[in-house]
Amino acid sequence: MRQRRLLRGLATALLAVVGLLAWSGPGEAQVNILDKVKKRGKLICAVNAKLPGFGYLTPQGRYEGFDVDFCRALAAAIFSDSGRLEFVPTTAKERFTVLQTGEADVLFRNTTWTISRDTSVGLDFGPTTFYDGQGMMVTKKSGIKKLEDMKNASICVQTGTTTELNLADQFRKRGVPYKAVVFEDADATAGAYEQGRCDGFTTDISGLISRKSIMKDPGAHVILPQVMSKEPLGPAWAHGDNNWGDVVKWLVYGLVIAEEFGITSKNVDEHVNSKEPEIARMLGGDKEAPKAMGLDPKWLYNAIKQVGNYGEIFARHLGPGTPFSLERGVNDLWTKGGLIYAPPIR
Amino acid sequence: MPPEPSRSPAGPARVAWWRNERVHRVLAQVVFLLAVIAVAGLLYANVRSQLRARGLTTGYGFLYGQAGFPIGEGIEYHEGDPYWYAFLVGVVNTIRVSFFGIVLATILGTFTGIARLSSNWLLSKLAGAYIEIIRNIPLLIQLVFWYFAVILQLPGVKESVVLPGSIFLSNRGTALPLLAPTAAFSAWLPFAAAGLVLAPLLWRWRMRRQELTGRPGRGLVWAGGALLGLPALGWLVAGQPFLVELPEMGGFNYEGGLILTPEFTAVLIGLTVYTAAFIAEVVRAGIQAVHVGQKEAARALGFHPGQTLRLVILPQSVRVIIPPLISQYLNLAKNSSLAVAAGFPDLFSVAQTIFNQTGRSVEVIGLVMGSYLAMSLFTSLVLNLYNRRVRLVER
Amino acid sequence: MPPAVPAEILLPPRTQIGPIGWLRANLFSTWYNVLITLLILWLLATVIPPMARWMIFDATWATTHEPCARAREAAQAIGVRPGACWAVIPANFRLFMVGTYPVGQAHRIGAALALVVLLGTLTAFRRFRGRALVAAWVLSFPAILVLLHGFQGSAILPLVETTKWSGLTLTFLLAIVAIVASFPLGVLLALGRRSSLPVVRLLSTVYIETVRGVPLITILFMSSVMFPLLMPGGLRVDKVVRAMLALILFSAAYLAENVRGGLQAIPQGQYDAARALGLGNALTMGLIILPQALRAVIPPIVGQFIGLFKDTSLVAVIGLLDLFAIGQSILSNPNWLGLRTEVYIFVALVYWVFSYSMSMASRRLERRLGVGVR
Chain Y
1 MRQRRLLRGL
11 ATALLAVVGL
21 LAWSGPGEAQ
31 VNILDKVKKR
41 GKLICAVNAK
51 LPGFGYLTPQ
61 GRYEGFDVDF
71 CRALAAAIFS
81 DSGRLEFVPT
91 TAKERFTVLQ
101 TGEADVLFRN
111 TTWTISRDTS
121 VGLDFGPTTF
131 YDGQGMMVTK
141 KSGIKKLEDM
151 KNASICVQTG
161 TTTELNLADQ
171 FRKRGVPYKA
181 VVFEDADATA
191 GAYEQGRCDG
201 FTTDISGLIS
211 RKSIMKDPGA
221 HVILPQVMSK
231 EPLGPAWAHG
241 DNNWGDVVKW
251 LVYGLVIAEE
261 FGITSKNVDE
271 HVNSKEPEIA
281 RMLGGDKEAP
291 KAMGLDPKWL
301 YNAIKQVGNY
311 GEIFARHLGP
321 GTPFSLERGV
331 NDLWTKGGLI
341 YAPPIR
Chain X
1 MPPEPSRSPA
11 GPARVAWWRN
21 ERVHRVLAQV
31 VFLLAVIAVA
41 GLLYANVRSQ
51 LRARGLTTGY
61 GFLYGQAGFP
71 IGEGIEYHEG
81 DPYWYAFLVG
91 VVNTIRVSFF
101 GIVLATILGT
111 FTGIARLSSN
121 WLLSKLAGAY
131 IEIIRNIPLL
141 IQLVFWYFAV
151 ILQLPGVKES
161 VVLPGSIFLS
171 NRGTALPLLA
181 PTAAFSAWLP
191 FAAAGLVLAP
201 LLWRWRMRRQ
211 ELTGRPGRGL
221 VWAGGALLGL
231 PALGWLVAGQ
241 PFLVELPEMG
251 GFNYEGGLIL
261 TPEFTAVLIG
271 LTVYTAAFIA
281 EVVRAGIQAV
291 HVGQKEAARA
301 LGFHPGQTLR
311 LVILPQSVRV
321 IIPPLISQYL
331 NLAKNSSLAV
341 AAGFPDLFSV
351 AQTIFNQTGR
361 SVEVIGLVMG
371 SYLAMSLFTS
381 LVLNLYNRRV
391 RLVER
Chain V
1 MPPAVPAEIL
11 LPPRTQIGPI
21 GWLRANLFST
31 WYNVLITLLI
41 LWLLATVIPP
51 MARWMIFDAT
61 WATTHEPCAR
71 AREAAQAIGV
81 RPGACWAVIP
91 ANFRLFMVGT
101 YPVGQAHRIG
111 AALALVVLLG
121 TLTAFRRFRG
131 RALVAAWVLS
141 FPAILVLLHG
151 FQGSAILPLV
161 ETTKWSGLTL
171 TFLLAIVAIV
181 ASFPLGVLLA
191 LGRRSSLPVV
201 RLLSTVYIET
211 VRGVPLITIL
221 FMSSVMFPLL
231 MPGGLRVDKV
241 VRAMLALILF
251 SAAYLAENVR
261 GGLQAIPQGQ
271 YDAARALGLG
281 NALTMGLIIL
291 PQALRAVIPP
301 IVGQFIGLFK
311 DTSLVAVIGL
321 LDLFAIGQSI
331 LSNPNWLGLR
341 TEVYIFVALV
351 YWVFSYSMSM
361 ASRRLERRLG
371 VGVR
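Protein chains in written order, with this note's numbering: chain Y, 1 to 346; chain X, 1 to 395; chain V, 1 to 374.
None of these hints come from the bench; they were simulated from the model. We put the CB at the ideal spot given by N, CA and C, even for glycine. Hints may contain errors.
Cβ pair distances, simulated, as ranges [stated by the list, open to error]: (1) V:76 to Y:339: 37 to 47 Å; (2) Y:218 to X:258: 32 to 42 Å; (3) V:57 to X:258: 51 to 61 Å; (4) V:150 to X:37: 37 to 47 Å; (5) X:301 to V:58: 50 to 60 Å; (6) X:310 to V:40: 16 to 26 Å; (7) X:228 to V:76: 49 to 59 Å; (8) V:278 to X:17: 22 to 32 Å; (9) X:153 to Y:274: 55 to 65 Å.
Each computed SDA-like pair below joins lysine to any residue, with the alpha-carbon atoms no more than 20 Å apart [claimed, not checked]: (10) Y:216 to V:80; (11) Y:179 to X:79; (12) Y:151 to X:200; (13) Y:179 to X:260; (14) Y:298 to Y:253.
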């Protein structure tokens, strides 16, 4: 009796499994991320939760920062509501997995665009939102003036980053032996350096500046003038969805163009009926391009109105008045000698 | 009268095959196995199709590629070495920290366990507080605490704390004097080895003699004599085998001597302190498992408390202690994977880095799990052999 | 014969009773005990005062970060080490407890807590105990999950995604889900390992020993990077659920071993008696063996729960914001930088209070059940 019931149960289970097997075969239909996002009713954005200035958690449990604001702008462009957004905090090592698995729709997390990531990790990259380079911070007391002075020095570095590999390349090239102390976590890396575990601390220069500003005694540290690499940081998404790529790309470009024209969250309403044809097209005059992408004609208006243009986002989180007081430098508009440039909206 | 249909109890031969219990058993197993294989096959198919969808390949060939990333410490390694070698560095680091952790935790745990039962109120309460505090806080937090709040709070290299015997403590590491072999070392080595081999033999001989004749065997004198005397003789014959190498201040850190990195020190202390609290409880339970009459009898025979513990209580409690002790050792080895939180490049930490650089999740997980399983199996094999020996002695 | 004079009642010597006697007996009984006592006293005298100064007397007790900054500057001005800054705890208390759970919805966590407290109180009274209460406990578990998760588009219980579950709440949820959900699997594995069918026995044993042979962190790592590959395309299982699954699979193997211990403690006579009464295999297991075996393994299962509660701190390594990870993320807030020691002590204290009280309770339970007393 018992065995028969057992047998019947097992047979059913087997059938179910076989059924599952058969069903799971053709499951790889190309998914349209924008449709998925719209159906879900909110955007899922992968961010850094531990990089002051770019992405961090406030005591109220809100995400704030330069990268975070691009997520808000994207949500505003899709839903006319920057709040229809969910954040996935990611570590350096899992940030690509969340895109590959569809756990997040887009990644705004100080991620360097490299050929290997673009081709073999299954990702696509958008326009650079922040031009960066790898730098080295040392204490003033140490008297180190250049990388060549760091023979046998200990260097704190975070794992899972391009930084780790650049460091190895640069020191090998210069024939300088060193000791790496590798950490899992950005806080731990900076913390260990500050407590004197390492002679040097290396990461993107923006990260160094951000960290330096919040150290106990910022005056005691200097960033070496040598730049070890190019680090163009920008958004990324799962490889292969061209329409979604257009949406993300043009959102970033739109915010840049808004800065070019001086359209800010405060004065955007005055510009809606602008005489300047490109401005009028941007803020709702052009119906075709947004429609082709699957967006509302007011998409850029909403993003600018609710979040602000590129310059505003930069100033809010990194500019003067923030603990970082970062110069615009290469991240200024091309018209002002920087590298931030956007193709026209036409 | 028609023959009675087979109602009456008949032999198993009469039972139809679908009611035969042996058939049931075989069938049930076949079905179970099929189900397991089907689930495994389903998962495998998913992995294959998902990997293909992302244009990823499988296989362990990537292990021969150049690693390119730095590793903080361990056996000789360069960034140009292949991935498999980098992984090996991690494995050796794990073994290193686990081995020393096990040795130190056993010593600390045994003392704490005995202290817990001490007649000295202060000592037993102190041991109790230590056990209860340490056992109830996650190891991860303890490791991070030891590293950031203790080890890295030590002064910088130039202001190192100097302990007697040229031991320097700083946030760059612990520098200890190292015995460096001299040219005479190889000539001296046979003497030391002979001492090492002879000592236990002498011990056993003297002990047997003591049992047979009842006269004190003085095994300790004989064995200790061999252990120390022969190397000393070797020293006289061959010359000084070691030089004491003292750590000296180099450009950024100490050079020469034995330097333990802060990461290694923190992980070692964390694992030792944590596991020792559990071992202390194991030892305490083992001692309490020995019948009170044994202790009373020993006292009645005139043993003093130290002798009672050493000669009567501990030998009997060992067989109770060994099995749970084995599982504590295995726990320590597995817990060493948390070293990643304190920046120590153990096998898990290196494997994670390899995963980051290559994106080979399945292969890396296979490597990591395989390594831990192999280590666990090997450790429990060795210790279980020892356990069997201890049990054979028991009556 | 002289008249009996009542003998003077002699008190024991002064050195044997009272405080002095106690000191002699417990601290200074032998020469080495004297030595040990003095050594410990010296140790305590060197360690405790500076610790107390840092933790209590020099510490800043406030709720905002400004007093701490002032205290630090004042201490630096006169060249001493500043005391602890406990302001980081009250200022971020909400974050520690509920993390990123939406501010307006936090009452739901309160409600869940109230339910547990209510059931706990009822359980404390003997006369309420019974089937109804057991059923209430069992039902409370899914009810709490539903309460915290809510529904898409619901007005009363709006959806709160699991990605927003964090802080101590997440720590507890992970531990409870793991132990409860691993129970059936664990019992099945235990039965499988004692099964008379070789294939079932072998596979159960392989599973149990494999999981027990690898660290939890590797299973969590697998759940975070490999699990998505195991799912058919497009199926999204979020991070918290994946961590829960990993903890369940992990916990089941250990639970199986505990249950097996209980099963082995059941004397053969119980099986024989059940057989004699005509019970089949399933009924023997369900009515005779398992109830006894499970009762015997309640204390080890509580112990396992405590272990699991501590082990959930590992989810921080795969990027979940549990109590420990929330502590770490507070440290990256510019206002609270460099307060590692304070934050770690607080987090450790929270873990300690819960695990210690649970282990105390389990010891009491053990005594009451009379398990371990033969």
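Among the hints numbered above, which are violated by the structure, and what are their numbers in rising order?
-> Failing hints, ascending: 3 and 12.
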